[in-house]
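Protein chains in written order, with the working numbering: chain V, 1 to 706; chain X, 707 to 1412.
Everything labelled a hint here was simulated from the structure, so no lab data went into it.
None of the values given here were measured: they were computed from a predicted structure.
Wrong hints could be hidden among the right ones.
As the list claims (entries may be wrong) - Under the rule of at most 35 Å between Cα atoms (straight-line distance), these lysine-lysine pairs were calculated in the DSBU-like manner:
no. : chain 1 : residue 1 : chain 2 : residue 2
1   : V       : Lys667    : X       : Lys1296
2   : X       : Lys1300   : V       : Lys651
3   : X       : Lys909    : V       : Lys370
4   : X       : Lys1373   : V       : Lys661
5   : V       : Lys560    : X       : Lys1275
6   : X       : Lys1205   : V       : Lys667
7   : X       : Lys1296   : X       : Lys1373
8   : V       : Lys322    : X       : Lys1205
9   : X       : Lys1367   : V       : Lys203
10  : V       : Lys661    : X       : Lys1205
11  : X       : Lys1373   : V       : Lys370
12  : V       : Lys370    : X       : Lys1076
13  : V       : Lys560    : X       : Lys1367
14  : V       : Lys560    : X       : Lys909
15  : V       : Lys667    : X       : Lys909
16  : X       : Lys909    : V       : Lys661
17  : X       : Lys1357   : V       : Lys203
18  : X       : Lys763    : V       : Lys370
19  : X       : Lys1373   : V       : Lys560
20  : X       : Lys1357   : V       : Lys594
21  : X       : Lys763    : V       : Lys594
22  : V       : Lys590    : X       : Lys1076
23  : V       : Lys651    : X       : Lys1266
24  : V       : Lys651    : X       : Lys830
25  : V       : Lys651    : X       : Lys1367
26  : V       : Lys203    : X       : Lys1266
27  : X       : Lys1076   : V       : Lys569
28  : V       : Lys661    : X       : Lys763
29  : X       : Lys1205   : V       : Lys370
Claimed, not checked - Label-pair ranges, simulated between beta-carbon atoms:
no. : chain 1 : residue 1 : chain 2 : residue 2 : range
30  : V       : Gly614    : X       : Thr1039   : 36 to 44 Å
31  : V       : Gly399    : X       : Lys1266   : 29 to 37 Å
32  : V       : Gly452    : X       : Glu1070   : 50 to 58 Å
33  : X       : Gly1277   : V       : Gly660    : 31 to 39 Å
34  : V       : Ile70     : X       : Ser1210   : 55 to 63 Å
35  : V       : Leu509    : X       : Ser1210   : 32 to 40 Å
36  : X       : Gly1116   : V       : Pro311    : 53 to 61 Å
37  : X       : Val1311   : V       : Ile76     : 48 to 56 Å
38  : V       : Gly660    : X       : Arg768    : 46 to 54 Å
Just so it is clear, CB atoms sit at the ideal spot from N, CA and C, and this is done for glycine as well.
Protein chains: 2
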Amino acid sequence: MFPVFAVFLTNFGLPLSMLCAAIGLGFAFYLIKTIMASPAGNDQMKQVAEAIEDGAKAYLGRQVRSITVIAVLITILVVWFRDVPTAVGFVLGAVCSLAAGFIGMRLAVVANVRTAQGATVSRKKALQAAFNGGAVTGLLVVGLALLSVGGFWIVMVKTVGEPKALSSLVGVALGASLISVFARLGGGIFTKAADVGADLVGKVESNLDEDDPRNPATIADNVGDNVGDCAGMAADVFETYAVSLIGTVLVGALTAGFGAPVVYPFVLGGLAVLASIAGILFVNVTNMKPGNALMGGVLLSAVICAAMFYPVTAAMFPEGLKTVNVLGLGSATYTAGSIYFAAVIGLLMTGAAVLITNYYTSTEYSPVRKIAAASVTGHATNIIAGLGMGMHATALPVGCIAASIWLSYGAAGLYGISVAVMAMLAMAGIIISLDAFGPITDNAGGIAVMSGMPKEVRAITDDLDAVGNTMKAVTKGYAIASAGLAAIVLFGSYFVDLKHHLESPLSKLHLSAAQIEDVLAFSLKDPKVMIGLFIGGLLPYLFSAFSMNAVGRAAGAVVKEVRRQLAAKPGILKGEDTPDYDVCVDIVTKAALKEMIVPALIPVVAVVLVGSFGMEGAKMLGGVLVGSIVTGLFMGISMTSSGGAWDNAKKYIEEGNHGGKGSEAHKAAVTGDTVGDPYKDTSGPAINPMIKVVNIVAILIIPIFF
Amino acid sequence: MFPVFAVFLTNFGLPLSMLCAAIGLGFAFYLIKTIMASPAGNDQMKQVAEAIEDGAKAYLGRQVRSITVIAVLITILVVWFRDVPTAVGFVLGAVCSLAAGFIGMRLAVVANVRTAQGATVSRKKALQAAFNGGAVTGLLVVGLALLSVGGFWIVMVKTVGEPKALSSLVGVALGASLISVFARLGGGIFTKAADVGADLVGKVESNLDEDDPRNPATIADNVGDNVGDCAGMAADVFETYAVSLIGTVLVGALTAGFGAPVVYPFVLGGLAVLASIAGILFVNVTNMKPGNALMGGVLLSAVICAAMFYPVTAAMFPEGLKTVNVLGLGSATYTAGSIYFAAVIGLLMTGAAVLITNYYTSTEYSPVRKIAAASVTGHATNIIAGLGMGMHATALPVGCIAASIWLSYGAAGLYGISVAVMAMLAMAGIIISLDAFGPITDNAGGIAVMSGMPKEVRAITDDLDAVGNTMKAVTKGYAIASAGLAAIVLFGSYFVDLKHHLESPLSKLHLSAAQIEDVLAFSLKDPKVMIGLFIGGLLPYLFSAFSMNAVGRAAGAVVKEVRRQLAAKPGILKGEDTPDYDVCVDIVTKAALKEMIVPALIPVVAVVLVGSFGMEGAKMLGGVLVGSIVTGLFMGISMTSSGGAWDNAKKYIEEGNHGGKGSEAHKAAVTGDTVGDPYKDTSGPAINPMIKVVNIVAILIIPIFF
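Only chain V is shown next, with the shape it has when bound in the complex (with noise of 0.2 Å):
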């Protein structure tokens, strides 16, 4: 029967796995009509949400007519100097990334007014109609980006060949990743900016609560929830799944030839989204505790992928895999088991990054506890225990990424690196509903402060954001590390199409045979690697200033507003004002929209100006993609860690340690919450489709200059 069942896999795999997607949509809207049907609450509830809405409407309509721009004057380029079908790859991602993204903001701002409504009738109801809002994110996304390869994928095997369409995969790449980076640090600037200025005068200054209407900044503040960790998280998650099914084919073509290779990764695709809709529903169902019911279903949709991982395998394989060897040695052969082996290890990856960043950001463990101990002495303890713990926060997360690596390479060399990324990614439908979770029942609480519902809803949407707080910070432990070996694929990309490349006539440089093996030896020993990789190093660093110090200047700009209108109308602060939250909307719009360009063409004008060199440039790009893939995770993680711990450290003496709520190590947690707002949900989240940008665009170069 297997013989039979490999054929067919390997024949209609790639449409059965676009099937698969389409269930997943189909689900999604099944979803979409079901948060529709349900009530959306009384008109003061109604009108929050609706201020929330077109705020974050009239944002990504801007960011949308900004990022055209670029994007266009891309196309043209690419046209230019590539060819059209990259070219309409490069349209398609970016199409496909904004659409993620846009869609799943959409849903989550008429999903977080009827999780407060549900919130009125019970913690089940409130739970359910949060989690499905994310939900559809998840699906949208993982759906998206299978239809979109795979469909691509079809349309130009048939019209250009299966080498030219190869080829042109990496427009649909390019699109996915600059969008993200758009996407990541325009959300990002605009919810932190806001968060950040409406916190120094709102909580500081003027004593008011978290979300309070008096806040002029407050609606700004709702919208940068959306924006930011709705939309930026979905175009990131659907970029560095997007990157990773195409990195898995490319690697696959190169060293194994097209047939199983290239169709395997989008089977495993197309598998998990069953068991990402089979998750979605246990949550439903279930009635444990909110934060066991989301672990929970991720856990189900992990064993579920496993079991059916291994008859798939095999059947695809059933004589292994025989691949050129990247490092020159000869070819290998892997067995099907090994390939099965690689794709488990991709599995536990997504499960230790989730159990690590719990670890060091929930209020039950000791790194968080000790930024909340070391508060009571003050501002500056409170931040030297935050920057050190993620510091330290590195170490488990990028040793589980080594042992992945080394152990995905013994099972199946590069291709097993490759499987074992596109399996952590295959579970991104599920994890984005858990990460989509988090800003909807921050929403929905912010929209029972501002429309004054009773204590008792206020609890249940306080309870349930608590728990998306821990699973935003969750997600991004997870985004983090599925990025950095998401990238590692990609360099392997790099260079084994750089080598196709140089040996083929097309290349320019006309190399000789001594002068590919010396570009290729990626040498540690050459100081063209070492310069490279110093570069490339400082690519995340230059990044991240730019993205930190755009958040300050953008949320000094808010605090200048607020301060304005305060003094202005003080009826505001009685209560017998309404402020004009649009003027705090616009300002943050403008702000970091302007704000995002420079960061976001850093990476493609450094990739250019290096790959300008010629065969040096070559060499020295090597060093460059796995320099900011080094110091890119190191800091992604660490910031992201720091950024979650200190939030949860200033929710624990909330709860009411060390003094609570008023107290002096209150006003340091707060500190510390505010430097962690840019580090987590700007800068640090940003770095991760940086780094694959600096790939894709090395990538991209190579027939242009090499």
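For this one, chain V is given, so just place chain X on it according to the hints.
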């Protein structure tokens, strides 16, 4: 004439350079005599100075005892696993490193009170006392380094022959580096725990000024300046100097043979001692403003070096330098002009490091002013601005380092990089004079305040203290940049030595030629190398996490003790009762010695563990070494820059900007300064010796594991 000169230099260059070193030491003793002969002030001043001196002596005595235990253990291990000559080298390196720090520190605590006394006479007298105190440390560091490494080399060549002498040189490097890590860490934890602790209760809670005698931690704070900034920095630069010299000798001998390539770095060092003496004399006779006088001295030394290096280089390499190419592509010949060019690159790099750090940390320029401006909106925006600035500040130094590598490698291969580093370090004599100037003036200010001297005197010491702050920041830029380059030379020594060893019959692994080539490829394509990069990249993070937390913990203990004393004796704050200074000194002493052990062992243990993997370990170690350099360099630069900038942003506000002392902005700036303390004085600078320990231990274990 030149050929005669050439033969003369190659044969007698080494003894001649040691003569120069001896002249330097002689001049240092002359300076010591002049300093000791100058008046030490009134009884009250002497009393304060004595308290500081006692604390510093007590700390260093206990530090020496702690380190001795570890050093004896390591000596036994080295004898057991390597050989006696290497162990002798280890002891020599350790003793000299300790001595450099110890004598320099002893002199600083003598010069501080004389600087305070000098300030009662004139600004120039005070400047001379402080600068000459620092100059003694500078001359001692370079003199001891040249004499110990050169003496060891001469003796070993005579007794065990050149090859064995070469391999035992790594023992000297290990001794110097390991002591330096302990000195930096122990001193850094001491100084910052005392400083942060004193500030938190003194300035923030009890509204006491810096150095107020009513603060029980104030003597500990002043002791810290000496054991951290003075002894720590001296041990650190002694180590970088010795290690660069040894690295250059190794690279020279293994790629170009014994003779001129080995003698040349000593000659550069010897000549630079004379140039440093000229610079020191200039500072003593000029009537320029303090800051300009110090910079003038550095510039004069650099110009003299550049002028003297040319004829010597031309004489020593009349037919150029013939080396084997380390990338394994045959041999290469470099002209004397090219080698001289590499040396000039090193001198220029010194200038670049000084100018760039000055830009980022001086109150004159926009980076510090932006942080000061961000303090107006609160603690959090001050921290965000400082962190962002630190990231930004990595760009230019790393760019210059990359350019130095490119140019010096282009000029004379790996030996060219070594020569550039050696030329940069040759300037250490005068540069450390500037650095040690900082803690001496800082202490002088403390003595002036505590002994209640008139306002005009304190104006002079405050003024010199501000210059000292800039100098301290500037020399940190020099220390980290030179450490990064020196580490790269060590990595070069690692692979040159590894190749040599694996090809020799002594190798335990008995690898085939193809296997040796595979190991020595150190290719980024190889997942083992990638894993090595991640492990290496993690080391500075883990190391800094431990040291940051150590400062936080120890400072917390100081805070508790100060609060206890102030509560137990209410008379202290009224000035009616004297606090018990010794208890605070004792607390930080114990904490520093306890906390320095674990982080110092991290790099050693990590390298030994990786090395134990045999052939794969040798390969992975290449990645570990480079990974630690890449992340270490970025962390070191960003931490020291942020710290320096936060410090001066506070000073800028204290000058009356943004509301001046006591304003909300000032409080926020004090938070930034406090966070910056462990950043710039503990974790950041301790990374310098740490990355070199990683590289030296790797060289040391080559014959043990491979």
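Tested hints:
1. Lys667/V - Lys1296/X: holds, 31 Å
2. Lys1300/X - Lys651/V: holds, 33 Å
3. Lys909/X - Lys370/V: holds, 24 Å
4. Lys1373/X - Lys661/V: holds, 21 Å
5. Lys560/V - Lys1275/X: violated, 46 Å
6. Lys1205/X - Lys667/V: violated, 58 Å
7. Lys1296/X - Lys1373/X: With a Cα-Cα distance of about 30 Å, the restraint between Lys1296/X and Lys1373/X holds, given a limit of 35 Å.
8. Lys322/V - Lys1205/X: holds, 33 Å
9. Lys1367/X - Lys203/V: Cα-Cα ~25 Å, so holds.
10. Lys661/V - Lys1205/X: violated, 63 Å
11. Lys1373/X - Lys370/V: holds, 24 Å
12. Lys370/V - Lys1076/X: Within the cut-off at roughly 31 Å; holds.
13. Lys560/V - Lys1367/X: holds, 23 Å
14. Lys560/V - Lys909/X: Holds, at roughly 30 Å.
15. Lys667/V - Lys909/X: holds, 18 Å
16. Lys909/X - Lys661/V: Since the Cα atoms of Lys909/X and Lys661/V sit roughly 25 Å apart, the hinted pair holds (cutoff 35 Å).
17. Lys1357/X - Lys203/V: holds, 28 Å
18. Lys763/X - Lys370/V: holds, 34 Å
19. Lys1373/X - Lys560/V: Cα-Cα ~20 Å, so holds.
20. Lys1357/X - Lys594/V: Roughly 33 Å between the alpha carbons, so the hint for Lys1357/X and Lys594/V holds.
21. Lys763/X - Lys594/V: Outside the cut-off at roughly 57 Å; violated.
22. Lys590/V - Lys1076/X: holds, 22 Å
23. Lys651/V - Lys1266/X: This hinted pair holds, its Cα atoms lying about 25 Å apart.
24. Lys651/V - Lys830/X: violated, 56 Å
25. Lys651/V - Lys1367/X: Holds: Lys651/V and Lys1367/X sit about 33 Å apart, inside 35 Å.
26. Lys203/V - Lys1266/X: Given pair Lys203/V, Lys1266/X holds - Cα atoms ~30 Å apart, limit 35 Å.
27. Lys1076/X - Lys569/V: holds, 31 Å
28. Lys661/V - Lys763/X: With Cα atoms ~46 Å apart, Lys661/V and Lys763/X exceed 35 Å; violated.
29. Lys1205/X - Lys370/V: Violated, because 47 Å separates the two Cα atoms, which is more than 35 Å.
30. Gly614/V - Thr1039/X: 36 to 44 Å: violated, 25 Å
31. Gly399/V - Lys1266/X: 29 to 37 Å: With Cβ atoms ~35 Å apart, the hint holds.
32. Gly452/V - Glu1070/X: 50 to 58 Å: For Glu1070/X against Gly452/V, whose Cβ atoms are near 53 Å apart, the range 50 to 58 Å holds.
33. Gly1277/X - Gly660/V: 31 to 39 Å: The hint (31 to 39 Å, Cβ to Cβ) holds, given that Gly1277/X and Gly660/V are roughly 34 Å apart.
34. Ile70/V - Ser1210/X: 55 to 63 Å: Cβ of Ile70/V to Cβ of Ser1210/X: about 58 Å, so the range 55 to 63 Å holds.
35. Leu509/V - Ser1210/X: 32 to 40 Å: Roughly 38 Å apart at Cβ, these two residues keep to the hinted range, so it holds.
36. Gly1116/X - Pro311/V: 53 to 61 Å: holds, 58 Å
37. Val1311/X - Ile76/V: 48 to 56 Å: The hint (48 to 56 Å, Cβ to Cβ) holds, given that Val1311/X and Ile76/V are roughly 55 Å apart.
38. Gly660/V - Arg768/X: 46 to 54 Å: violated, 42 Å
Going through the hint list in order, the structure does not satisfy hints 5, 6, 10, 21, 24, 28, 29, 30, 38.
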